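Novice: Add chain B to chain A, keeping to what the hints say.
Protein chains: 2
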Amino acid sequence: MTMNIREFRDRAHQLVDWMADFLEQVETLPVKSGVKPGEILKQLPASPPGKGESFDEIFADFQHAIMPGITHWQHPKFFAYFNANASPPSVLAEMLMATLGAQCMIWETSPAAAELEERTMEWLAKMLGLPAGWDGVIHDTASAATLISILSAREKLTGFASNRKGVGRTPMRVYATSETHSSIEKAVRIAGLGSENLVKVNTKDDLTMDPVALRKAIRQDREAGFLPLAVISTLGTTSTLAIDDLKTLVVVTNEEGVWHHVDAAYAGTAAILPEYAGLLEGIEKCDSFVFNPHKWMFVNFDCTAYFVKDREQLIRTFEILPEYLKTKSRGEVNDYRDWGIALGRRFRALKLWFVIRSYGVEGLQEKVRQHIGFGKQFEKWIKESSDFEIIYPRNLNFMVFRWHPKAVDEDELNKLNRELIERINRSGQMFLTHAVVKGKYGIRIVLGQTYLEDRHVRQAWEQINEMAAELNS
Amino acid sequence: MTMNIREFRDRAHQLVDWMADFLEQVETLPVKSGVKPGEILKQLPASPPGKGESFDEIFADFQHAIMPGITHWQHPKFFAYFNANASPPSVLAEMLMATLGAQCMIWETSPAAAELEERTMEWLAKMLGLPAGWDGVIHDTASAATLISILSAREKLTGFASNRKGVGRTPMRVYATSETHSSIEKAVRIAGLGSENLVKVNTKDDLTMDPVALRKAIRQDREAGFLPLAVISTLGTTSTLAIDDLKTLVVVTNEEGVWHHVDAAYAGTAAILPEYAGLLEGIEKCDSFVFNPHKWMFVNFDCTAYFVKDREQLIRTFEILPEYLKTKSRGEVNDYRDWGIALGRRFRALKLWFVIRSYGVEGLQEKVRQHIGFGKQFEKWIKESSDFEIIYPRNLNFMVFRWHPKAVDEDELNKLNRELIERINRSGQMFLTHAVVKGKYGIRIVLGQTYLEDRHVRQAWEQINEMAAELNS
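One line per chain: the protein sequences are A and B, in this order. Numbered per our numbering, the first sequence finishes at 473, counting up by one with no gaps. Numbered per our numbering, the second sequence finishes at 473, counting up by one with no gaps.
One chain only, chain A, in its complex shape (with noise of 0.2 Å):
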């Protein structure tokens, strides 16, 4: 008594109102989740069913025991981390995608996945203004796509030793800074580097990498007998959105001869708009590029796309051709499953392409533009108000503040903003997550979520305010 297509129908409807009564209710939900460990575990049972249940019972399940334990990342007031955005067109794609059921490992597999997958990875490196030449490649994210620009990077300093030998005698050192994503690090473990021979350069007191600290450690380890790899540079770091500077950097990598990979995984969104082309300065002389559609483009999570200036190199890295895998096409079209880690890959070309079209470039750009405004009015609420203040400044949708109310010490200080997040955050209110600058200890706000509207900012910036002066007094 398996489900069949005709109840599929059925069910599958009653999901789409579910949905988008979901969407238009999500502002009035609990932001974050308030169960306890365990609390939703211990409602499951502990074995399997053995007879199939019906699609009522599993629904009803969903909704009582799975929903109250979720934490809602299309909330317009999901502030936190950096946003996971869903968008209209791109759940729809999701329906198509998980309707196909396609597995797109090579052109053979689905040509119409490859192809598309190959044209809208053009596109977007022409809205992002990348270097003609280069080619782009959807992963699932920007762990594993940093990933795989290291191994790349490893693969042409040893001509292509380590893949056949092993990681040699000799230390490859990767360069990053402490605000570098905790991926970078996860990565040079991985490729057997060592996490010793991660280098996190020096910052300036801006917290971007500086450029005379970094030449300075290649230097320095390049007498010492070290290999110097790769340089990881972050166009808007996790904690406080910091953005380096790529042109003065590139200068370093390449008169140094180090492989140049930039990390833009939430920020690059940023430069399809014409006033943030800057972000991107010096990217020609880089070696590969990551960001994340799945994070401020609207494309459902999961969607990376990875971007490099020579794609021989990278398929070389990666490439295995078993027998069951030779096809007639092979050389004339993309196989992407030698362009990464996983020999399978979901269609994810289609959200992509539905979420570009719908929005239109220019909506796209619209919508950036709104969030960077949103920054913009929040920053100047700060700057207005007596009881907060910024500790690292605005970059685009992102800024790090706090709380400061008069007379109170620095431990005081981060007491009272521990305070403060865990109590906005209990609320439901809204989302927030902290970061520390400087032994400040600050909340991190990022304007970006798909369903934002300028009254949600309004709100949030008074219930701020208000939950700050009931924990006053």
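Some hints here could point you the wrong way.
It does not matter which identical chain is meant; a pair holds if it fits inside one copy or across any two.
Here are the simulated SDA-like cross-link-like pairs (lysine to any residue), alpha carbons at most 20 Å apart as the crow flies [what the hints assert, rightly or not]: (1) Lys36 with Thr327; (2) Lys165 with Arg222; (3) Lys165 with Glu155; (4) Lys247 with Arg169; (5) Lys309 with Met127.
I should point out that these hints are in silico values taken from the structure, not numbers from a laboratory. In this text the structure is predicted, and so the values were computed from the model without any measurement.
Specialist: Below, chain B alone, put in the same frame as chain A:
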């Protein structure tokens, strides 16, 4: 003029009807797309649209430009590769997953997702009869799981020094066979071990790993100064579904003190049948196990289930804790980002939960048993036929056979079978891929698509006979 929720509701209902119609009619479509390389690409504009386009336009293009380039993995007569099976309850779950758009990197970002993942993995462990105390986690692909296993082995062997200092001077060796999946070699390269340190252990006549040869290889390596690291055994190889004799191999791996990973990506599902529980005999002496519910358990790609004996060891291999991911709940709950490579994670447990509950364990068993029955039926027909022969014996719902018209030599047979596969695939009636078994070019058939019924199996056998006869005339 971006799509609002009101329009989304209408469009999603429209898509549901298309989706149900598609699933009802998919068996009338050509299984394998017949497009030529570049045929889709040239229909797609070179640049993205400036203005947003209507959903009517986008969906029309999806139907006219994309659909002809789709190879239909959900067609009941998709007999190629291994199936990537969706199912009605799984698609319903994907719709909800896409709508919630939850990012499940840590418990705090989606408590229900983390706890549902914990519970559904416990369910799977029970269904498969995995040893008590093993823990599971969902990854995207078996490629990732295998890499994770090899990295865990690497860290165990080196006391976590490889993570810190990089892969050392003494080569670590991984043992598999020539039949093992290409992802093993990819993982060995990525982990910095070098593909020259992937030892291809001799197989027995049935293409399974020879335990005697394995022991010899390990001992020789140890004597030669190599560090034996890990053995990858396979329950169901890609080319022939050869099933390694686990209970014999574990004696060797245990006595030699080598990590043992079991790749049961496709065939693992069979272990939910009591009559095939023997497949996993010896698993308690292994270290890790992977199988793909997205293959033969009707859960949309991607959904890989990875199980480990020692979760602390796994977590210690991958854990990195930056300030922005510190949470109060840490330690009480599972933060699955520390169980693998990617930080970002989709809410994949939901589709696994929907599928297990909708079918029930008995419903899944019935379906898998039915597929094995189709395999037996097909095997019987081949054995009864004077024109066909089995060149690798049936395991489960899988075999490799070839057309064998009289008085034709081996070279000619290879050529004829290649032509036959091409003819069959070109017909659109079914999709088959090849395997070369000891120099013989054969036809692999996997009788395991979600919607496969008896009538399709019969029809396929008739059509293969007809097309062979046409080729002969």
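Novice: Cα distance capped at 20 Å. Does Lys247 pair with Arg169 within a copy, between copies, both, or neither?
Specialist: For Lys247 and Arg169, the Cα distance exceeds 20 Å both inside one copy (33 Å) and across copies (38 Å).
Novice: Is it within, between, both or neither when you check Lys36 against Thr327 at 20 Å Cα-Cα?
Specialist: The answer is between: 13 Å across copies meets 20 Å, while 52 Å in one copy does not.
Novice: What label fits Lys309 with Met127 when the C-alpha limit is 20 Å: within, between, both, or neither?
Specialist: This pair counts as within: shortest intra-copy Cα distance 17 Å, inter-copy 47 Å.
Novice: When no copy is specified for Lys165 and Arg222, does a C-alpha distance of 20 Å or less occur within a copy, between copies, both, or neither?
Specialist: Classified as between: cross-chain Cα gap 17 Å, same-chain 23 Å, threshold 20 Å.
Novice: Cα distance capped at 20 Å. Does Lys165 pair with Glu155 within a copy, between copies, both, or neither?
Specialist: Result: close both inside a copy and across copies, 11 Å intra and 19 Å inter.
The structure does not agree with numbered hint 4 stated previously, though it agrees with all others.
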